[in-house]
Every structure is written in C-alpha cells, then in structure tokens.
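J.: Listed below are the residues making up each chain.
There are 2 protein chains.
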Amino acid sequence: MSRFLSDNYKSLVPYVPGEQVNVKVIKLNTNESPFPPSPKVKEVLSEEVIDKLNLYSDPELKELTAAIAKQFDVTPDMVFCGNGSDDVLAFAIMGFCGRGGKLCCPEISYGFYPVYADIFGVELEQIPLNDDFSINAEDYIGKNKNIVIANPNAPTGLALSFDDVERIVSSNPDNLVIMDEAYMAFCYDSCMELVKKYPNLLVTRTFSKSHSLAGLRVGFGIAQKEIIEDLNKLKFSFNPYNINTLSVKAAAAAIADNEYYDDKISQIVATREKVQNQLRELGFRCTDSKSNFIFASSDRISAAELAAELRKRNILVRYFNKAKIDNYLRITVGAADDMQTLVSAITEILEERA
Amino acid sequence: MSRFLSDNYKSLVPYVPGEQVNVKVIKLNTNESPFPPSPKVKEVLSEEVIDKLNLYSDPELKELTAAIAKQFDVTPDMVFCGNGSDDVLAFAIMGFCGRGGKLCCPEISYGFYPVYADIFGVELEQIPLNDDFSINAEDYIGKNKNIVIANPNAPTGLALSFDDVERIVSSNPDNLVIMDEAYMAFCYDSCMELVKKYPNLLVTRTFSKSHSLAGLRVGFGIAQKEIIEDLNKLKFSFNPYNINTLSVKAAAAAIADNEYYDDKISQIVATREKVQNQLRELGFRCTDSKSNFIFASSDRISAAELAAELRKRNILVRYFNKAKIDNYLRITVGAADDMQTLVSAITEILEERA
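As you go down the protein sequences, you meet chains R and E in turn.
Residue numbering for the first sequence follows our numbering, starting at 1 and increasing by one per position.
Residue numbering for the second sequence follows our numbering, starting at 1001 and increasing by one per position.
The following block holds chain R by itself, in its conformation from the complex (with noise of 0.2 Å):
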C-alpha cells in the first residue's frame, strides 16, 4: 500500500478471481462455456474494422444496445451495456445504494457483492439461506432496503421461481431490485418481461457464460429507461467508451445468433443432468443447479481434498473456503467428454481411498 491511499480503502479486500492457467488442463474452475463463439463473431471482426481501431468506439453503444432490444423485446433506451455486467453491477450499487445506503444479498452468493459494498461505502445485510441452500423468498418481502440476487445463484445454482422474484419486486416498490441472471440462460425462467412492469427492477445478463465471450468482456442490464438513464450517467462521469469496437460488434453478431447459442445452451443443460446424476450414483449430494456448473458435497473425501486430486490430475475445479460451504466444490459444465474424464478421475480417487 502507498502512504497516498484514501483511507475510505484501506481495508478493501478485493474479489478474488477464479485462476487463469496456461498449462493443458481441463478447465472446470470459472464457468466458461467449452464452446467456441458462434461462428458470426469471427466473420465481424474483419480486418477492415481492424483498421478503423483508429476511431473511438460509440459511447453510446448503439448498435449493441439495439441488437439487445431486439432479442429481448424491449426498446434501445431499456438496455445499458458494460464492459461485463461486473460493470454493470458496480454502476448500479454505486448509484442506487449510494453512500451510507443500504442494500441486502444471500448470505452465499456471488462473491462480489460484498466488495462492491465495500468500495461503494453501502450497508449490507447478508441473509442466510435455508440450510438446503435455497433463498427464502419471505426473507425479501417489503424488506425495504435495495436487493440483489442472483438467480440462478451462486455456486449453490439454486434458482427462484419466477412467481417468488415477481412477490420480491413488488413489494419492494421504493427500492432497486436487481436479479443478476448471469447463468440464467440454462435455467430458462428469467424474469426480463418483469421489467415492463416495474419500475424498481434491474436484470443483469453476461455473454460470458451462456454465450461463449468471458474473454470479450461484454454484459448488459436491462430496466426502465429512468433507471438506464441513471447508469449512463454514472458511466459517462467514469468512462464514457466502456465497450471497446471489437466486443460490441462481436457480442452483436453473438446475441443474434439463437440457432447456435440455443444449441450449445441445450448439450451444457444435457449435460449437466447426466453428470448430476452420475455423482449421485457416486454418493454425492449435489443441489438441483440449473445454471451452467454443479454444486457437489461427498461425505467420502472433503471437497479440499478432492479438489487437491483432481488437480494432480489436470482437472481444475472451484474450492471455496467459506463456512457451510467449504465441504462443496463447484464444478463447470464443460465439454461432454471432459466431463467423462472427471467422472472417471473422481470415481478413480474414491476407489483409492475405499
């Protein structure tokens, strides 16, 4: 630390990233997609727009925002795109929950929330989950504070219905209401057509997961133009070109692109299922994740353990040292045939330690 850091930040303690590896292993730790992205991407990143990176990218994102309106069914000035919805989420608690303001969470969520409170100067209730893990959607009801979840959460995976989200919103109406659907694409029950409805509800997406462009940097949230309005407010007083050229006209091309991204969503839901179910038969309690990872426990090897031997074996998967959780691994939904490979690798260890 130097001697010239405000003291508001002192004693941040930043998010952790999940770990980024060079060497061949397979790669089951941060919830990327074991998919290329669609084959559009390559075809818009052409060398002609390579040479036009001369010209500042639109800060206006017109053309991201609008291939966003369009999928989603809401209007341009519904959507407000951040350099990954990180950016999108940092804007919104900065904003709405201000200095001093107050916003609450699930106790076990994503782990960033808390940090942005943190940086942010915002009080935060987290709320403890049920002890299978799932939200309790009556902790919510007229909690009178600002909300985010996120839905599917994680890592447990669990998801709220949208019936429960819909009681949340509504009885929320003086406080923002945001529902973080990073992974909502494999859980087919998103709240989006909420946003018409209230005014108080922000949803949050990423191409990182569902759409194969964690490298590209590229989320969005959409909500009522009043609440858009406020974010590129905030956006344009902190960095008005957020979006570089490349990712908006690549994440464009990708959101339009449903005949394969629908595809590639359906082998990842495929293939969970039958994973889930294969740790099962191998005496793991896994939650009903319906995201794009699986959320293990097995009382026959700690999940420190287990993710240490899977490592010596090339396998990376998400160990979280945090009580009530630190016995679970999170695991990516990778390609098909990896996922063998790890079935196989764990069966292996087990039968080593039986």
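Wrong hints could be hidden among the right ones.
DMTMM-like, lysine to aspartate or glutamate: derived pairs with alpha carbons at most 20 Å apart [as the list claims (entries may be wrong)]: (1) E:Lys1062 x R:Asp58; (2) R:Lys52 x E:Asp1337; (3) E:Lys1024 x R:Asp58; (4) E:Lys1324 x E:Glu1305.
FYI, nobody ran anything at the bench for these hints, they're computed from the structure.
Start from chain R and add chain E according to the hints.
T.: Just chain E now, with coordinates in the frame of chain R:
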C-alpha cells in the same frame, strides 16, 4: 432520473465526448490518429484467438504489462493497465483523492477532471492558466494537494518542461502528482524516467492517440509499485477483468512496433508544424502545440462560426463553448491531404467573408 438514484449523484454532470459520426466526413474533432493501427495488430487477432474468447481474459494482464514495462524500461509491477486511460484516471482520483480529499488541476484542461472530482466527492481547485494559456509551474510548487496535469495540456497543446514537472513532483512529496501524458508521444519530453526517483508520481498514457487504437480502449499508468498495488486493489474491487483478451493482444503487439509508430508520429508532427504555419499565415493565433491537435483562433471569424462553416463542408473540428477559450478551435492533426483540404476550406471561408 429514477427515484432510486443516490443523492450523491443527483446533480452529477457527465463528461460529453466529442461527436462520433457515421457519414463520410473529415473527422478532426476527437484527436484520433489518421492512420490504421500497426499491421501486427491484425496478425495477433487471429481466428485461433477469437475461438478462445470463451475463456476469461487474464485479470492480471501479464502479457500487456510486460510489453509496456519493456518499452519504458520499468518492471511489470510498475505498470497498471486500464480500459482506456480514463479508467486509470478514474481509479487514481477515486483511490488517492478519496471522498473529501483535495485535488488541483489547470482551469483549462481535460474536461473530465472536474467530472471525476464530482463523482468521487473530491474538493477540486481549478488553477487559472497564464494569459498565453501556458501553465505557471510556480502555482503547483509546494501545493500540498494532489495534482493532475495533462502534459501536453488539452486543448491548448502546450507542454510543461521536464524541469518544471520535476520541481512540481519534488515539492509535493506528501501528495500524488498525476501527469496525464495522453499526448506526450507527439512532444518527446516525457517525465517517465522520474517515476523511479519519486514515489508520488503517476504517469498515465493511452493507446488512443499515438497508437491508433482509440477503438480498442487501452491506457496505462506507470508509478512505483506501491501506487500500482493500490490501483490494482481498486480494480479488483470494481472490475477485475477490465481489459478484454483482444485488446490485450492488440495493444501488446502495437507497443512493440516502434518502427511503425515512430514513423506515423513523425508524420503527424510534421503535418502539425506545417498546418500551424499555414494557419498563422492566414492570420490565426496558434499555440505552440506539442500534441496531435492545433489550437487556433482568428480575429476574422469567430470560432463558433468557423466550426459551423467547416461542418457545412463536412469537416468536423472541436469547439468548446467555455469562457476564455470560446474563440478557439481544437483541430486534430489528421492525414496530410485532409489537412490541406482543411486549409483550403478555411481560406475559402475567410475569402467569402472578406
């Protein structure tokens, strides 16, 4: 504005970027390079790289920081990369000037500094320039506030000498001095070597101007490692994956291609000198710009009128409706032939009014 925006931001006035247009014009309004990026950029944005965009970008940006460190003869732990240098400036002003911290900058300078001060709750002193638009270094000696200065300054184009910069940095040991060298490639008088000597100096740069990559959004700051650690702490608490994979690869390739960019920068500097002289012959007052733009005023036509007349001829320049500079135009140094079209157009406009 929504009902939900925090009181902190209700009166925030965002930065207004220069206009981006789609029609065919001579675009001299946002200080972009007229040249395409290095051919090496196209080479590294390969189909293989695009196919791997399903994987997250490296949050530590090792490839890019190493390439920048090599270029400036510093260690990689002295380099912080941002999604444009706006991103670097935002984190620096947020982190080091804190809420209630003190910052000063030239009264006429990059229009974003007051916006940052506003969004981050920083007390900003804007120090008037000399009558000839030069910065009086004495005003910043022993100031005992954080300092941000664009050098060369924008939109004046005037530069502080290396010695003046050192006097400012050395006389404010307990405060951070940010030297924003966005345009320094066109000036050849960087203070970069001072970062090794002074722990309170942060020098920022961008790929947007000299390196023909405005559309790619990459900037960086160089300072001693404690400052860089602080900036990374904020980044990892706001948006860990702040630069996408394509921008990392392209910028790393670009910064290594000195041969290409040295030539392009020389051409821009030569064009700047030529056109400044031509404008002076037409009776304009021009500052001695050391950047990739010209700052010019004429008694024969108001700046606002001239900008409007040029626009009718499909030539865009930047007019600031701001006290003290409202009779000046900031004209980007574009391609040599486009600049001759500009000079001809101005000659014609003046003759029509003679």
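J.: Indicate, hint by hint, whether the structure satisfies it.
T.: To see whether the hints hold, each was checked on the structure:
Distance check on the hinted pair: Lys1062 (chain E) and Asp58 (chain R) sit about 28 Å apart at the alpha-carbon level, beyond 20 Å; violated. Between Lys52 (chain R) and Asp1337 (chain E) the CA atoms are separated by roughly 18 Å; this keeps the pair inside 20 Å, and the hint holds. Using a Cα cut-off of 20 Å, the hinted pair Lys1024 (chain E) and Asp58 (chain R) holds, with the two alpha carbons roughly 16 Å apart. For the proposed pair Lys1324 (chain E) and Glu1305 (chain E), the alpha carbon gap of about 17 Å is at most 20 Å, so the pair holds.
The structure fails to meet hint 1 from the earlier list, while all remaining hints are met.
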